[in-house]
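Top to bottom, those sequences are chains A and B. Just so you know, my numbering puts the end of the first sequence at 236, numbered straight through with nothing missing. Just so you know, my numbering puts the end of the second sequence at 141, numbered straight through with nothing missing.
Quick caveat, the hints were computed from the structure, so don't treat them as lab data. Please note that the accuracy of each hint is not assured.
Each computed SDA-like pair below joins lysine to any residue, with the alpha-carbon atoms no more than 25 Å apart [as the list claims (entries may be wrong)]:
no., chain 1, residue 1, chain 2, residue 2
1, A, LYS201, B, ASP23
2, A, LYS201, A, SER160
3, A, LYS171, B, LEU26
4, A, LYS201, B, ALA20
5, A, LYS214, B, PRO16
Some but not every residue of chain A turned toward chain B, in silico, with C-beta under 7 Å [as the list claims (entries may be wrong)]:
no., residue
6, ARG66
7, GLN69
8, ASN74
9, TRP77
10, ALA86
11, GLU87
12, ARG162
13, LEU211
14, ARG212
By construction, the Cβ of each residue, glycine as well, lies at the ideal position given by its N, Cα and C atoms.
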Amino acid sequence: MNEDPTTPPTGSADEALVARVLAGDTAAFEGIVRRWQSPLVNLAWRFCRDRGRAEEMAQEAFLRAFRHLAQFRGDSAFSTWLFSVATNVYRTEVSRLPATPLSLDQIAEPPDPRLAGSILEQSSRDESIRRAVLALPPKYRDAVLLFYFHDQDVPAAARTLRVPEGTVKARLFRGRELLRAKFSRPRASKLKSLTSQTREARIP
Amino acid sequence: MNRKPAYPPLTDADLDQALAHPGDSLLPSSGFADAVMASVLHDASAPPPLSFPWKRAIPGLASAVAAIVLLLAVLPSVLASASASAGPGAPASFAGHSLPASLSQINPAALGLTISVGLLLACLALCRRLIAPR
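Extracted from the complex, chain A is given alone in its bound form (with noise of 0.2 Å):
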């Protein structure tokens, strides 16, 4: 999904565009937007699952990028400087207004298998797992949402948090164990319901 900010051809080219926007030419940063548009659009999904609300978020980033385009000295990839402005603002936007209201305890689990059985699908899981994600505390969040963004890629997601990778590992099995907790809680009123139906089903 994501391009390898590691390939020359492309950091060249990117800091080549870089350049150009430095020396004035405002229109060469268009490159650079149709070049990175669909990465950043996409993390900011992420964030907030809201195509709208990403756009805003997206675009924000881009010109943050371009306001701040005479910090990025080259000392890392292009990439890896872009991701890292966006990062930061969709962070600031996300904590000014959450994308989701609730926290992880109100987050809807996936229906029961001994309930539902087979109207159990997976994406209602899958969707379930990603809403509980963005309810995760912002560190774990982060942590999760760019290793995935990244192709599971621990380093790639260090660079662009600006954090040690070790410290992107533990959030992240910290994340993990909290999902891991939140959709293993057994549900207290499915639970007696199930009881109360199942002593029904025997009384004549």
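Given chain A, put chain B in place with the hints provided.
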């Protein structure tokens, strides 16, 4: 009997399935790049933000700092003078201070008032300097 419900545990494979799914992505709408460029061009054509006028502010700031330093230097003498004129109940810490002859003639309240007015005028002058057209 205490039976644990048979929920299937969430595995890493489940997480990978949900979060690394190729279908879980969003493509930008067709006009997205144009909208971004419109906002970028608008931003580029906007005048740059005004920087703080340090050249104009430095003399005023320097005089304000000098006034504060002067105030801090004079204040103990003024207080000592006031306590001396108040009589034998004055704090001992001021007893050792000897006032210059010229300052001992000045009413402490008048001196304080003068310094306050001076500071106020300095602030006003600084404000006028900062907002004056170049």
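Hint by hint, here is what the structure shows:
1. At roughly 15 Å between alpha-carbon atoms, LYS201(A) and ASP23(B) fall within 25 Å of each other, so this suggested pair holds.
2. Pair hint LYS201(A) plus SER160(A) holds up; C-alpha atoms about 23 Å apart against a cutoff of 25 Å.
3. Between LYS171(A) and LEU26(B) the alpha-carbon distance is near 17 Å, which keeps this suggested pair within the 25 Å criterion.
4. Between the alpha carbons of LYS201(A) and ALA20(B) the distance comes to roughly 17 Å, so the proposed pair stays at or under 25 Å and holds.
5. Under the criterion of a C-alpha separation no larger than 25 Å, the hint pairing LYS214(A) with PRO16(B) is consistent with the structure, at around 10 Å.
6. With its C-beta approaching chain B no nearer than about 5 Å, ARG66(A) sits inside the 7 Å limit, and its interface hint holds.
7. The interface hint given for GLN69(A) holds, since its Cβ lies 5 Å from the closest Cβ of chain B, which is under the 7 Å cut-off.
8. Below 7 Å, beta-carbon pairs count as interface contacts, and ASN74(A) has one with chain B at about 5 Å; its hint therefore holds.
9. Evaluation of the TRP77(A) hint against chain B yields a held restraint, the C-beta minimum of about 4 Å falling below 7 Å.
10. With a cut of 7 Å, the hint placing ALA86(A) at the interface with chain B holds, because the nearest CB-to-CB distance is about 6 Å.
11. Among the interface hints, the one on GLU87(A) holds; its C-beta lies about 6 Å from the nearest C-beta in chain B, closer than the 7 Å criterion.
12. Checking ARG162(A) against chain B: minimum C-beta separation of about 6 Å stays under 7 Å; hint holds.
13. For LEU211(A), the suggested interface contact is upheld, since its CB lies about 6 Å from the closest CB of chain B, less than 7 Å.
14. Interface restraint check for ARG212(A): the shortest CB-CB distance to chain B comes to about 5 Å, inside 7 Å, so the restraint holds.
Checked against the numbered hints given earlier, this structure breaks none of them.
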